[in-house]
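Asker: So the chains spell out like this:
Protein chains: 2
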Amino acid sequence: MAIKSVNIIGSGNVAHYLIHALSQHVRIQTIYSKDFNRAKTLAEIAKSIPVNDLGLLNSGSDLNIVCVKDDSIENTLKQLSKLSSVVLTSGAIEMDVMSEFKTHGILYPLQSISKDRIAKLKDVPFLIEANSSEFESELLQFSNYFSVKSIVVNSSIRKRIHLSAVFANNFSNFFLTEAKRILDDAGVDFKILQPLMIETIAKAFELGPEKSQTGPAKRGDQKTITLHERLLMNEKLKDLYLLITELIQEQSNEAK
Amino acid sequence: MAIKSVNIIGSGNVAHYLIHALSQHVRIQTIYSKDFNRAKTLAEIAKSIPVNDLGLLNSGSDLNIVCVKDDSIENTLKQLSKLSSVVLTSGAIEMDVMSEFKTHGILYPLQSISKDRIAKLKDVPFLIEANSSEFESELLQFSNYFSVKSIVVNSSIRKRIHLSAVFANNFSNFFLTEAKRILDDAGVDFKILQPLMIETIAKAFELGPEKSQTGPAKRGDQKTITLHERLLMNEKLKDLYLLITELIQEQSNEAK
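Chains as they are written, first to last, in my numbering: chain D, 352 to 607; chain B, 352 to 607.
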C-alpha cells in the first residue's frame, strides 16, 4: 500500500528538510514539536495541524516519521501508538528500539542538513531499512518523492556509512572552522580557501583520497611541521596537529 | 622589466603545474631534475632543455623558479648563481633563505596540486612576496599568466594562510581517506559520500563552517559517540575521534 499521509515528529533540521521535500507529494497531517511555536511555523509550510502533545498526532496517517535527536528517541517512541507505522531518520540507531511497532524502519538521509540551507534534495542518498520486505518496498517507493538515490542497507552497513559520514563531513568541517579562525586572526578572507576546497573534494572522488594527499606531513617536511607547531597556541590543537601528521605518514606508508 | 623567460628547478607536482600554465606565455629555457628522465619528459611539453646539473641552467633566463621540496631548498639555492632572480613556491619558507640573491621572492599557489590532475589554473590564488617593490610588481604581472587571483602578502600572513590550508585540505583529505577505508570494508562505494561533501564545502563557504556543524559531537549524542568508539578498531584513530569530538563541542560552546 502506498504511503499517502504522514505525521512529522520533530522540528529540527531533518524535519524542515522532509517537510519541504514532502509537502508537494503527500498529505502531512500533523507536525509535532514540544515547542508549539516551532510546530506552528512548520505547519504553515505544509498546511498541517501543529501539536505539542504526542497524543494529538493524527492516528489515521500512514506513517509517523520521527526526526528528534537520538537521545530523545526512546522517550518519544514510548508515547506513540504501537499500531502505527514508524520510521526513524537516524544513522546510528538500533532497529530494535522500535520492536514494539508492528511496522517499523529507517529512512536516513546521508546529508548534512541545515534549515538555513535546504540542499538539493534529489541528490541525497537515503539509506532504507525495514522490518518486513513489504514495508521496505513501500519505503523505497515513498523515498522516490525526495531522492533518486535511495538504497536498502542493513543496520551494520548503515552504522558504518554513518561513521564514514561523520569523518568526512563533521571532521572536515571542524578543520574548516579552525582554518577560518587562523585566517580571521590574520585578517584574511576565508573565501581564499574556496578554490582549494572545491578541488580537494573533486580530486578525492576522481583519484581517490589516498592518492590525493599532499602537504608537509605527506612530504615529510619536518621544518614546516615544526613551524606549524610554533604557530599553534592552543595545546590541544597542537596535539591534534601532531597526531594527524603522524597518521597521514602512516596512511602514506601503507599506500606504498 | 617583464619576465619573459624562466628556468624551472624541480619536477614534482608544482613544476608540472607551472610548466603547463606557463609554456604558452613565456620561454621556459631549462628544466632541472636530479632525475634526467623526469627533466626530459617535462622538457618535451615546453620545448625546453632538460638538465640534471644545476650548473647547466640557462644563465640568461629572467627568473629561476625553484619548486623542490622544502627540505631540499637550502642545498639547491647554494648551487644557483647569486646574480640570478629567484622565487620559491613554498608556503612555509622564510624569505631570508634567499638573502644572498639580489632579487628574490615567493610565488606560492594556494592549491593542492597533483600531476595526475591539473586544476583549473586561473582560479588558484597565488601568494606573492618580494624583496623589492619593483620585483613585487614584476611577479604580480607575471602571475597574470596563470592566475586571476594573485595577492601580495608578507611572510607572517603567508605562513598562517599555509597552515590554514593544511587544516582545510590535508586534514580533510586524511579523514576522507579514513572514511573510504570504512566504506571499502563495508563493501560500499566511496562515491556515496560525494553529494554530502559537495554540500559540506558549499555550505561552509556560504554560511560559515562554524554555523554549519552537525552530527553527534555537535548534538551531544553520547550513544552514537559510544557506538562509533566501538566500531573503531585502530586505537590511535579512536583517540583521534574522541579528541575531535571534544574539540567540536568546545567550538560549539564558544560559538554560542
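Be a bit skeptical, because a hint or two may be false.
The list cannot tell twin chains apart, which means a pair is met if one copy fits it or any two copies do.
[Said to hold, decoys possible] With a cut-off of at most 27 Å between alpha-carbon atoms, the simulated DSS-like pairs for lysine-lysine come out as follows:
id, residue 1, residue 2
1, Lys-420, Lys-589
2, Lys-562, Lys-433
3, Lys-574, Lys-429
4, Lys-453, Lys-587
I should point out that these hints are in silico values taken from the structure, not numbers from a laboratory.
Asker: Each hint should be assessed against the structure and marked as holding or not.
Answerer: For each hint, the structure was consulted:
1. Taking the shortest Cα distances, Lys-420 and Lys-589 sit within 27 Å of each other only across copies (23 Å), while inside one copy they are farther apart (32 Å).
2. Taking the shortest alpha-carbon separations for Lys-562 and Lys-433, neither the intra-copy value of 50 Å nor the inter-copy value of 38 Å comes in at or below 27 Å.
3. For a Cα distance limit of 27 Å, the shortest separation of Lys-574 from Lys-429 across copies, 18 Å, qualifies, whereas the shortest one inside one copy, 58 Å, does not.
4. Proximity of Lys-453 to Lys-587 under the C-alpha cut-off of 27 Å is found in neither arrangement, the shortest distances being 48 Å within a copy and 42 Å between copies.
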